[in-house]
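Protein chains in written order, with the working numbering: chain A, 1 to 204; chain B, 1 to 276.
These are computed hints drawn from the structure, not numbers from a lab.
Using N, Cα and C, we set each Cβ at its ideal position, and we do this for glycine too.
A couple of the hints might just be wrong.
Unchecked claim - Counterexamples of contact, computed for chain A against chain B with all Cβ distances above 10 angstroms:
#1 Gly7
#2 Gln13
#3 Gln14
#4 Glu45
#5 Asn71
#6 Gly73
#7 Glu130
#8 Glu146
#9 Gly170
To be verified - Using 30 angstroms as the maximum straight-line C-alpha spacing, the simulated BS3-like pairs for lysine-lysine come out as follows:
#10 B/Lys2 x B/Lys265
#11 A/Lys65 x B/Lys41
#12 A/Lys136 x B/Lys178
#13 B/Lys35 x A/Lys136
#14 B/Lys252 x B/Lys231
#15 B/Lys205 x A/Lys65
#16 B/Lys35 x A/Lys90
#17 A/Lys90 x B/Lys178
#18 B/Lys252 x B/Lys156
#19 B/Lys41 x A/Lys136
#20 B/Lys156 x B/Lys265
#21 B/Lys35 x B/Lys2
#22 A/Lys90 x B/Lys231
#23 B/Lys178 x B/Lys231
#24 B/Lys41 x B/Lys2
#25 A/Lys90 x B/Lys70
#26 B/Lys156 x B/Lys205
#27 B/Lys231 x A/Lys136
#28 B/Lys265 x B/Lys252
#29 A/Lys90 x A/Lys136
#30 B/Lys156 x B/Lys41
#31 B/Lys265 x B/Lys178
#32 B/Lys252 x B/Lys205
#33 B/Lys231 x B/Lys265
#34 A/Lys90 x A/Lys65
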Amino acid sequence: MNRMEGGDAEQVQQALGGDQDAFRVLVERHGRSLFRLAYRMTGNEHDAEEVVQEAMLRAYRRLDKFESRANFGTWLYRIGVNCALDLMRKRKPEASHRQQPSGTGEEELDPLDIAVSTDPGPDRLMLSREVRDKVKAAMMELSPVERTAFVLRHFEGRSIEEIGSTLGLGAGATKNSVFRAVQKLRRTLEPLVSQRQIAKGNAN
Amino acid sequence: MKHLDEQQLLEYRYGDAADTPAVEQHLRECAECRKSYDALKQVLAYVDALPVAEPGANYETRLWHAIAPKLDRAPRVGARPGFDWSAWTAWMSPRRLVTVGAVATLIVAAFLAGRYIPIGGMRTPSVSPAADVATKNPTQVRERILLVAVGDHLDKAQSILLEISNAEPEIAGNAKDKEVDISQEQQSAEDLVNSNRIYRQTALKTGDNAVASVLDDLEPILLEIAHSPSKVSAEQLDQLQQGIAARGLLLKVRVMDSTVRNREKAATPRASSSGS
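This is chain B alone, in the form it adopts within the complex:
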């Protein structure tokens, strides 16, 4: 029988296994997997053994005295109910807003193209191919705008992954001590994190699970690169490279990019078939 991989063992450890009895049976029968599972448990036991600092008996009082003077300055009115700012504050820097704005504009454009261009009705004054086809098939236009945007996004992601995968510490001297400047990739990854999230959510909403799945795989590595220091050690670089390689991300992104581009072409109007 096939051995259990690390992911399956971890899922079993956390009670998330897809088929717990099968995992248990395999562990009973397979010494190799049992050994690996024991090693996992041991490592986690070490982590469990880390003590947690206790903040002291009068912590509650100290805490209150630390925050009480600041409460009067804290406005509690005027915001929309139910809106949690905590998820937003971390990434609402002006530069990120530009990226988010651009993505949002594209999605709104795609949405409007589908919703407000009357089917078989009035022609818009625009002479662009997109507008031309819009009068005939608004869904196609919407799809095409999104495909172009996602295709561009995957292109950018691919080049970041390529750069990181091919980066290497300088050969001269002790390679282990060298730092590699990944500031450009880090910056680009930071820009892509937000758009990736929005495209993934859009893909999920439109039922495009294949695109959503690749973007889902892409997200943690983009976050990882975005949150790395601008100069990484050889060891840190190696970890990033392993993260990309372990999930076969480059290939997945490349294949999805090409699929998206083909779909984009299919959604592009052909003059001969337009009948105009």
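Bound conformation, chain A alone:
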């Protein structure tokens, strides 16, 4: 989101002058990375697309409030995070009613569910569909604030201060949110990880 900032400033000025094509350049430049962030936060494509559209519209509406010395990508990302948070809060009550009890980690896991070729690559694991669903369910069981704080820290590499300022939380509260998110993920996923290691051990 940080690339071509010089270009961003120019497009912002042109868009402010009524040039919609210039705004289109900004939309096309930042849309995809904003989509990835929104997808991590909301957990599905439809919501992610909705978030990106809403964020772009909000950005356009208040383009005159964007300070030209600031980083447009960061400004847009903050709007995107807040749009996603709004949507998650709206969705949360509905989602929690249809939540499956998949997060307990206590259910039996068939080792065959784990893809045979799941040897970790240098950085990345390959998970079977069912395991993936469980990991995703564990993410979705985090509260909107926890999930946002975790996504921003873990995937986006944002600092605690930056996350706190985006979410309107103090540093302590932000750290706590990330910590609680990881604690919950550990509680849910550690049994899954151990079972996988046992299965791998048996296969060797």
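Start from chain A and add chain B according to the hints.
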């Protein structure tokens, strides 16, 4: 040597450790902590392995066509520069505005009490004890108004935490399947989230770090309760209760409440010492 806790391991994982060489040395020497750290890394590796959907090759075009028709209706002029509405829109519902308004009024009252009541000057026509002392010590009045407000806030927070901590699913039937209605606590927590934020910021500005720290600890759990469904499962309730217990929040809030009340009493004028 003392083992590393989960928080320290996580901070180390994210490069935020207060003393990285010490953590590294401990990890080299302590098999137990190394095991715990490996487990943490494994779990995070699983999360990393979640694929991110790609929106398709023509996403940019689709996105533009979806928003372009709405741009003409989007007003871009007339608002104050530099003001980011995104943080506000999420919580500017009329009911919340009432809460925020009440807190803001208190803070303004405290500020005005300190700023505009002339020191040693004209007495106000009010006969309230606060006004009486104001003519002698405006700083005390300001402090007292804020202490009363923060004390009340902590009282309310305490009762929410107590309710949640003591709630339990109905005994009859399978407790795991039961839902617990926390709508009242959820509503109250929602009301307190905004005031909590304002009091925390005020406490930070006035250098009252102890109050700010307790409010900082309180904030995530209030948010958590506020964003929970009105009826939670036994498991969700358990998570909320653990969140409160893990941070010893009830005790912290109770102790701070009592400290604030004592300070409030100390700031209250005593007739015998007023000399009037």
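Here is how each hint holds up against the structure:
1. Gly7: The claim stands: A/Gly7 keeps its Cβ more than 10 angstroms from every Cβ of chain B (closest is about 15 angstroms).
2. Gln13: holds (13 angstroms)
3. Gln14: Correct as stated: the minimum Cβ-Cβ distance to chain B is 13 angstroms, above 10 angstroms.
4. Glu45: violated (5 angstroms)
5. Asn71: holds (14 angstroms)
6. Gly73: holds (15 angstroms)
7. Glu130: holds (13 angstroms)
8. Glu146: It is violated; A/Glu146 is separated from chain B by about 8 angstroms at its closest Cβ, not greater than 10 angstroms.
9. Gly170: violated (4 angstroms)
10. B/Lys2 x B/Lys265: Violated. B/Lys2 to B/Lys265 sits at ~42 angstroms, over the 30 angstroms cutoff.
11. A/Lys65 x B/Lys41: Outside the cut-off at roughly 41 angstroms; violated.
12. A/Lys136 x B/Lys178: holds (25 angstroms)
13. B/Lys35 x A/Lys136: The hint holds at about 25 angstroms.
14. B/Lys252 x B/Lys231: holds (27 angstroms)
15. B/Lys205 x A/Lys65: holds (26 angstroms)
16. B/Lys35 x A/Lys90: Roughly 39 angstroms between the alpha carbons, so the hint for B/Lys35 and A/Lys90 is violated.
17. A/Lys90 x B/Lys178: holds (24 angstroms)
18. B/Lys252 x B/Lys156: holds (14 angstroms)
19. B/Lys41 x A/Lys136: holds (17 angstroms)
20. B/Lys156 x B/Lys265: holds (19 angstroms)
21. B/Lys35 x B/Lys2: holds (15 angstroms)
22. A/Lys90 x B/Lys231: With Cα atoms ~15 angstroms apart, A/Lys90 and B/Lys231 stay inside 30 angstroms; holds.
23. B/Lys178 x B/Lys231: Judged against 30 angstroms, a Cα distance of about 10 angstroms means the pair holds.
24. B/Lys41 x B/Lys2: holds (21 angstroms)
25. A/Lys90 x B/Lys70: holds (23 angstroms)
26. B/Lys156 x B/Lys205: Roughly 23 angstroms between the alpha carbons, so the hint for B/Lys156 and B/Lys205 holds.
27. B/Lys231 x A/Lys136: holds (23 angstroms)
28. B/Lys265 x B/Lys252: Holds - the C-alpha atoms of B/Lys252 and B/Lys265 are around 20 angstroms apart, at most 30 angstroms.
29. A/Lys90 x A/Lys136: holds (19 angstroms)
30. B/Lys156 x B/Lys41: At roughly 40 angstroms apart (the allowed maximum being 30 angstroms), B/Lys41 and B/Lys156 break the hint.
31. B/Lys265 x B/Lys178: Measuring from Cα to Cα gives roughly 45 angstroms; hence the hint is violated.
32. B/Lys252 x B/Lys205: Between B/Lys252 and B/Lys205 the Cα gap is close to 21 angstroms, so the pair holds against 30 angstroms.
33. B/Lys231 x B/Lys265: Measuring from Cα to Cα gives roughly 40 angstroms; hence the hint is violated.
34. A/Lys90 x A/Lys65: holds (27 angstroms)
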